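Peer 1: Take a look at the letters that make up each chain.
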Amino acid sequence: VGRAHGAEPGPVDEGANAVSTVPAVDERRDTDEVVEPDLPWIVIVWNDPINLMSYVTWVFQKLFGYPHEKAERLMMDVHTKGKAVVASDAKERCEAHVAALHSYGLWATLQKDA
Amino acid sequence: MARIDIRPGSRGGVDVNIPSELRDLLESLSRQLTDLLTSEESKDHPGVARLFPPASMDDPLEALGFEKLMGDALLAGKLEAADVLGRTARSTYLTDVEAEAWTRAINDVRLVLGTRLQITEGMDADALFDDPLTEQAAVMYVALTELVEMLVRAMDGDG
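Sequence lines, in order, name chains U and H. For the first sequence, position 79 (counting from the first letter as 1) is numbered 79 according to my numbering, and the numbering increases by one without interruption. For the second sequence, position 117 (counting from the first letter as 1) is numbered 117 according to my numbering, and the numbering increases by one without interruption.
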């Protein structure tokens, strides 16, 4: 019957965070607005007894583009530790990740990184 | 349940050789899943709740905001997968997109069934088969589990 699955502490998309923080012309310097970087939020996948280990590994590969070994390592982390951080990103992107994980039936949540 | 044979297709996708009674079951489950997802009465069904878990563990407002933002699209995606499963339940060949829809829809049914059966980590599954009240659901759960395993393996390129 159901073996749970897990994911491991999600590697954060190494290349995708390369957002330039230096505007070519900083026209907002004189305003009072404090522009905080829209980071970091994290996506957590929780262990559950129904989703299969092979299925969870496949979902991580499909959604995050991880190689099989990395996806499996993440899955085992969820399985053995009860949860794993699978992504870290701006809030809107984390919401999209959670929605995608829910569409595959995984139990995922997002929160501001502590 | 008779033999289930799902393997990578020679032109991509997957070849599906399964007994006709299992195809009957998949058609029926597609309809049942659609009904469950769309009926007003199922809104508080624990199995349906499992398909749409809260997006935050400790912030109800965050979870509510997510539900408003993503709920309709999530529901539409699950209904679409169920529809594909129903329309292609007789197919012996599935495209990649169809195979993924099968996997998602069948897994959703597993989540609903598993919630009803109160599946827990490392539980003694034999007890489910010994109880007349759960035996039928347990047989179906096991068959669908095998289907998901084989679909994932085939989509990964393993025969």
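Don't take each hint at face value.
In silico DSS-like pairs for lysine-lysine, Cα to Cα no more than 30 Å straight-line [said to hold, decoys possible]:
| hint | chain 1 | residue 1 | chain 2 | residue 2 |
| --- | --- | --- | --- | --- |
| 1 | H | Lys-68 | U | Lys-112 |
| 2 | H | Lys-43 | U | Lys-70 |
| 3 | H | Lys-68 | H | Lys-43 |
Derived coverage of chain H by chain U (criterion: at least 3 residues anywhere in the stretch with Cβ under 8 Å from a Cβ of chain U; other residues may be distant) [claimed, not checked]:
| hint | segment |
| --- | --- |
| 4 | 9-18 |
| 5 | 24-38 |
| 6 | 103-111 |
Distance windows between CB atoms, simulated [unchecked claim]:
| hint | chain 1 | residue 1 | chain 2 | residue 2 | range |
| --- | --- | --- | --- | --- | --- |
| 7 | U | Glu-69 | H | Ser-39 | 34 to 44 Å |
| 8 | H | Leu-69 | U | Pro-40 | 34 to 44 Å |
| 9 | H | Gly-65 | U | Lys-81 | 20 to 30 Å |
| 10 | U | Lys-91 | H | Glu-135 | 24 to 34 Å |
The set of hints was computed from the structure by calculation and includes no laboratory data. Owing to the predicted nature of the structure, the values given are computational and were not obtained by experimental measurement. Using N, Cα and C, we set each Cβ at its ideal position, and we do this for glycine too.
Peer 1: Give a verdict on every hint.
Peer 2: Comparing the hints with the structure gives:
Distance check on the hinted pair: H:Lys-68 and U:Lys-112 sit about 19 Å apart at the alpha-carbon level, within 30 Å; holds. Between H:Lys-43 and U:Lys-70 the alpha-carbon distance is near 37 Å, which puts this suggested pair outside the 30 Å criterion. Restraint check for H:Lys-68 and H:Lys-43: the C-alpha separation of about 15 Å stays at or below 30 Å, so the hint holds. For the segment 9-18 of chain H, the proposed coverage by chain U is not satisfied: 0 residues have a C-beta within less than 8 Å of a C-beta in that chain, short of the threshold of three.
Coverage of the segment 24-38 of chain H by chain U is violated [criterion: at least 3 residues with CB-CB distance below 8 Å; count 0]. Counting residues of the segment 103-111 of chain H whose C-beta lies closer than 8 Å to any C-beta of chain U gives 6; at least three are required, and the coverage claim holds. Between U:Glu-69 and H:Ser-39 the beta carbons are some 43 Å apart, a value that agrees with the proposed interval 34 to 44 Å. Separation of H:Leu-69 from U:Pro-40 is about 20 Å and departs from the stated range, judged on CB atoms against 34 to 44 Å.
For the pair H:Gly-65 and U:Lys-81, the beta carbons lie near 28 Å from each other, so the given range of 20 to 30 Å is met. Taken as a hint, the range 24 to 34 Å is violated for the pair U:Lys-91 and H:Glu-135, whose Cβ atoms sit roughly 46 Å apart.
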